[in-house]
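Q: Kindly generate the complete structure, drawing on both the sequences and the hints.
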Amino acid sequence: MSRHDPDQVEALDMLADSLSAYLSDNWSFEARRRAIAGETGWDASIWNALASELGLLAAAEAEEHGGMGLGLAAHIRIGEQLGQHLALTPYLESAVIAPALLRHGNDAARALLQQALQGTVIAPALYEPHSRYNPAAVLITARPSGDRWTLTGQKRVVRAAPWASALIVSAQTPSGLSLFAVDPATDGVSHTVLTLHDGPRASEIRLDNAPAILLGREGTALPVITRALEEATLVLAAEAVGVMRRLMHATNDYVRQRRQFGMPIGAFQALQFRLADMAMALEEAEAILPATLEALDSDDAAVRARATSSAKLTIDRACEIVSTGAVQLHGAIGLTDELDVSHAFKRALMIQHELGDTHHHKALRAAA
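Mapping to my numbering: the sequence shown position 6 is 231, numbers consecutive.
Treat the hints as calculated values from the structure; they're not laboratory data. There are no misleading hints in this set.
FRET-style restraints, in silico, Cβ to Cβ: (1) E278 - V382: 26 to 32 Å; (2) H355 - N434: 20 to 26 Å; (3) H355 - N477: 39 to 45 Å; (4) M488 - S523: 47 to 53 Å.
Just so you know, even glycine gets a beta-carbon here, dropped at the ideal spot from N, CA and C.
A: This is the structure we're talking about:
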């Protein structure tokens, strides 16, 4: 289905409206603070609603795989809403990256894909301590063991892993880089749980002869991973746009209400210039989404790489301008935990370092 099809546009609008209404009614800022302070760092009921009540986890996936066939555009609309409401979910990991890694795999991969679309949390474990955003820099080794494999090595900052029922682990085999399914509760898997700067949990994972199942054809994983991370970067950019919209809304409200010298501080020209810079940065970020979505349809890997890195660089710059502006215009209260601006600021900061920072994407764009 074409993204220009009026029926698809209407379906995407309905999808975004239903998610916005649900989150407005069921996910407050105080609920976020409670979830972050809790043991697990998330509220599973929100995730379960995305899977069952709203049925959004399958919105993007092709109909032949059991989805609604709305494509990457659906991920973008969902990402924007999750960002605007500062939702704590493993959507990027389990609903975007994991299906992209699984949809063209073997029978085991397709079975795991169906579980992901039904709400099973699946955490991709693609980076290692030395890899520095490079998914090809993998030292974990996989050795055949009967009809299965065993993995040994370490993965770093595996987001959503503390919530996951399955891991997708990249590892080296004699034929090259491959993907494997690992049960995080099995023998040979150990976790060190981390609390990230913006509140969610991740894990450092060690594998010591951990049993694993091959997903797809041995040695063919790198282009699959690269394509999955391109899609994920665009969805992360959409989440960033949602976060920045929240920051702009909160800041505009604040400068209208906060008074100094007998007038709202929003009347001061210097602050108006700052707000204009923030608004322009947000508009640039919003504009990059459809352009990148179009580019990701290309069969040319260099075109996709340039578009993905350009989008991430635009988003990172906008996040810095909007988030720091919001905090500074709020003054000292801008970094207090009791204000949602501080949470949005931290999320914007983390986005700038997720799936590649500015230095990484400048290098990728130059190479492409």
